[in-house]
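Chains as they are written, first to last, in my numbering: chain A, 1 to 298; chain B, 1001 to 1104.
Simulated from the structure, these hints should not be mistaken for lab results.
Glycine included, C-beta positions come from ideal geometry on N, C-alpha and C.
Incorrect hints may have been included.
List of simulated lysine-lysine pairs, DSS-like, C-alpha gap at most 30 Å [stated by the list, open to error]:
1) B:K1077 / A:K220
2) B:K1060 / A:K15
3) B:K1077 / A:K279
4) A:K15 / A:K29
5) A:K47 / A:K29
6) A:K47 / A:K77
7) B:K1077 / B:K1066
8) A:K23 / A:K77
9) B:K1066 / A:K276
10) A:K23 / A:K57
11) A:K47 / A:K57
12) A:K29 / A:K224
13) A:K143 / B:K1060
14) A:K179 / B:K1077
15) A:K255 / A:K220
16) A:K224 / A:K212
17) B:K1066 / A:K179
18) B:K1077 / A:K276
19) A:K294 / A:K276
20) A:K257 / A:K212
21) A:K29 / B:K1066
22) A:K29 / A:K77
23) A:K143 / B:K1066
24) A:K15 / A:K84
25) A:K251 / B:K1060
26) A:K57 / B:K1066
27) A:K251 / A:K282
28) B:K1077 / A:K282
29) B:K1066 / A:K224
30) A:K276 / A:K220
31) A:K279 / B:K1066
32) B:K1077 / A:K224
33) B:K1077 / A:K57
34) B:K1077 / A:K29
35) A:K108 / A:K77
Here are the simulated distance ranges between beta carbons [what the hints assert, rightly or not]:
36) A:K179 / B:T1083: 50 to 60 Å
37) A:L190 / B:A1092: 29 to 39 Å
38) B:S1022 / A:F90: 46 to 56 Å
39) A:N52 / B:H1017: 30 to 40 Å
40) B:P1086 / A:E272: 31 to 41 Å
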Amino acid sequence: MLRDPETVHPLDECKTWPEIRDKLRLWRKENVRCSDQIVELGEYALKHYQTNLGREKWAVFEQVCVAALDLCPAKMKLVNTCIKELAEQFPSSLRVSMLEGLKYEYLKKWDDALEMYEDMIEYEPTFPAPYKRKVAILKAQNKISDAVNDLNRYLNTFSCDHESWLELSDIYISNQNYKQALFCVEELLLQYPHNHLYHQRYADILFTIGGKDNLELSCKYYCKAAELNPGNVRALFGIQLASSTLSSIGKLSSKAKSDNQSLAAWASDMIEDFYKSQKTSKNLIIEVAGVLDKLSLK
Amino acid sequence: MNIGRGCVIAGMLMILHAGLGSAHHRANLRLSELPYDGLPVDITAQCVIGFVIACFGISKVAGEFKDISATNDLNRKTLDSITNVPSFYHFAHRGRSIHSIIYS
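Same shape as in the complex, but just chain A (with noise of 0.2 Å):
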């Protein structure tokens, strides 16, 4: 394989067996798709230190097998092996059959895949799992708008499903749906009223869409995502940018205006600061005042 020399690698960052581990349970647990990294160090864990993981080695198969197929054809081999060693452990497991299921789908046999997800659907209605690769493979195939036909009426049932709603607003957003795109965001929003990203994205998609409520309103969920989590600096460009716009508006009472403006000017104040907590280097905090000189509207 080519070494690119910028990136970092994982097997000279992590030498040591927990390192190794704690670093491919951290992909895990935060859902990163770095699949080259994955299967590096994932390959490296199972070949050497199958025994040290126990019975965690089959979660390491399975992720390894997920991130071995974005880097397919290479990787096919790989991925034959995990399936394999799956499936003689879990004979029946219809998570396993998932996996083939994903071979299939890469291998672009959608008609095998999807003859076999209505097969798992017909084996077990509650499994949500193969109705969200029923859509996956209408939007590989790039059919849009029958998959948010597809994830809406798969939502109507299993309406906790908080990835779903990520997927559906996702692809709203890159409709330009943004009103759609709002709707699913609030429902993240009542599931998770702690998760400060979600806020800021709610923010940002208000923020597209514009207009003088609107622009209010995006203030609001920026400011809320900046309690949450003070170290979030896209919200505090958020509330800089909407509420400097905001005072700028015409049809304001001068109260509202002084108030944005007082806000804008704490949103610059906490955007340094914040670079300079961070060790940066001179210049980058001289051109984050530069930057933050241009955003605030004259």
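Following the hints, complete the assembly by docking chain B onto the known chain A.
Showing chain B alone in chain A's frame:
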């Protein structure tokens, strides 16, 4: 970790020993035909101390403590990882062409 394991074993042994001690005490009482009025202080104390040591050890063995504030875990998440949804992965992406070059 090793201190924790040692503490758990020591604590368990102490409790076990206290149990044996109390059985022994009862047997002695029965032989000398004295009435039973509670366990002696040293056995009770050993039991309690063993329990505390075992508790300490378990909390060491079980791993790192989680942060008490609920939002702290979320603050480390980035927008990239939160919008990445594994159950909707599909493989019709540029990786198909790129990786066949990189790995060849």
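Against the structure, the hints:
1. Of the supplied pair hints, the one linking K1077 of chain B and K220 of chain A holds, its CA atoms being roughly 21 Å apart against a limit of 30 Å.
2. Between K1060 of chain B and K15 of chain A the alpha-carbon distance is near 25 Å, which keeps this suggested pair within the 30 Å criterion.
3. This hinted pair checks out: K1077 of chain B and K279 of chain A have alpha carbons roughly 21 Å apart, not beyond 30 Å.
4. A C-alpha spacing of about 21 Å is found between K15 of chain A and K29 of chain A, which places the hinted pair at or below 30 Å, so the restraint holds.
5. Simply put, K47 of chain A and K29 of chain A have alpha-carbon atoms about 22 Å apart, close enough for the 30 Å limit, and the pair holds.
6. Taking the CA atoms of K47 of chain A and K77 of chain A, the gap is about 15 Å. The hint holds against a cut of 30 Å.
7. For the proposed pair K1077 of chain B and K1066 of chain B, the alpha carbon gap of about 16 Å is at most 30 Å, so the pair holds.
8. At roughly 24 Å between alpha-carbon atoms, K23 of chain A and K77 of chain A fall within 30 Å of each other, so this suggested pair holds.
9. Proposed proximity of K1066 of chain B and K276 of chain A is supported: the alpha carbons are some 29 Å apart, at most 30 Å.
10. For the hint linking K23 of chain A to K57 of chain A, the alpha-carbon distance of about 14 Å falls within 30 Å, and the restraint holds.
11. Under the criterion of a C-alpha separation no larger than 30 Å, the hint pairing K47 of chain A with K57 of chain A is consistent with the structure, at around 11 Å.
12. Distance hint between K29 of chain A and K224 of chain A is fulfilled; the C-alpha atoms sit about 25 Å from each other, no more than 30 Å.
13. Annotation: proposed proximity of K143 of chain A to K1060 of chain B is violated, straight-line Cα distance about 53 Å (limit 30 Å).
14. A hinted pair counts as satisfied when its Cα atoms are at most 30 Å apart, and K179 of chain A with K1077 of chain B qualifies at roughly 26 Å.
15. Under the criterion of a C-alpha separation no larger than 30 Å, the hint pairing K255 of chain A with K220 of chain A is consistent with the structure, at around 17 Å.
16. Our distance criterion of 30 Å between C-alpha atoms is met by K224 of chain A and K212 of chain A, whose separation comes to about 19 Å.
17. Between the alpha carbons of K1066 of chain B and K179 of chain A the distance comes to roughly 38 Å, so the proposed pair goes past 30 Å and is violated.
18. A threshold of 30 Å between alpha carbons decides the hint, and for K1077 of chain B with K276 of chain A the separation of about 22 Å falls inside it, so the pair holds.
19. Between K294 of chain A and K276 of chain A, the direct Cα distance comes to roughly 19 Å. Compliance with the 30 Å bound is thereby established for this hinted pair.
20. This hinted pair checks out: K257 of chain A and K212 of chain A have alpha carbons roughly 12 Å apart, not beyond 30 Å.
21. Distance check on the hinted pair: K29 of chain A and K1066 of chain B sit about 15 Å apart at the alpha-carbon level, within 30 Å; holds.
22. Under the criterion of a C-alpha separation no larger than 30 Å, the hint pairing K29 of chain A with K77 of chain A is consistent with the structure, at around 26 Å.
23. In summary, the hint linking K143 of chain A to K1066 of chain B is not supported, as the alpha carbons are separated by about 44 Å, beyond the 30 Å threshold.
24. The suggested pairing of K15 of chain A with K84 of chain A holds, with an alpha-carbon distance near 28 Å, which does not exceed 30 Å.
25. With a C-alpha separation of about 62 Å, the suggested pairing of K251 of chain A with K1060 of chain B is violated against the 30 Å cut-off.
26. The suggested pairing of K57 of chain A with K1066 of chain B holds, with an alpha-carbon distance near 24 Å, which does not exceed 30 Å.
27. Only pairs whose Cα atoms come within 30 Å are accepted, and K251 of chain A paired with K282 of chain A is rejected, the gap being roughly 40 Å.
28. A hinted pair counts as satisfied when its Cα atoms are at most 30 Å apart, and K1077 of chain B with K282 of chain A qualifies at roughly 27 Å.
29. A C-alpha spacing of about 24 Å is found between K1066 of chain B and K224 of chain A, which places the hinted pair at or below 30 Å, so the restraint holds.
30. Proximity of K276 of chain A to K220 of chain A is assessed by CA-CA distance (about 26 Å); at most 30 Å being required, the pair is judged to hold.
31. Straight-line distance between C-alpha atoms of K279 of chain A and K1066 of chain B comes to about 27 Å, which keeps the hinted pair within the 30 Å bound.
32. Distance check on the hinted pair: K1077 of chain B and K224 of chain A sit about 16 Å apart at the alpha-carbon level, within 30 Å; holds.
33. Distance restraint check for K1077 of chain B and K57 of chain A: the Cα-Cα separation of roughly 25 Å lies within the 30 Å cut-off, and the hinted pair is therefore satisfied.
34. This hinted pair checks out: K1077 of chain B and K29 of chain A have alpha carbons roughly 11 Å apart, not beyond 30 Å.
35. Only pairs whose Cα atoms come within 30 Å are accepted, and K108 of chain A paired with K77 of chain A is accepted, the gap being roughly 17 Å.
36. At roughly 19 Å, the beta-carbon separation of K179 of chain A and T1083 of chain B lies outside the given 50 to 60 Å, and the hint is violated.
37. About 32 Å separates the C-beta atoms of L190 of chain A and A1092 of chain B, a value consistent with the hinted range of 29 to 39 Å.
38. Under the hint 46 to 56 Å, the C-beta atoms of S1022 of chain B and F90 of chain A, about 48 Å apart, fit the expected range.
39. Separated by about 35 Å at the C-beta atoms, N52 of chain A and H1017 of chain B satisfy the suggested range of 30 to 40 Å.
40. In this structure, P1086 of chain B and E272 of chain A meet the distance hint of 31 to 41 Å, their C-beta atoms being roughly 37 Å apart.
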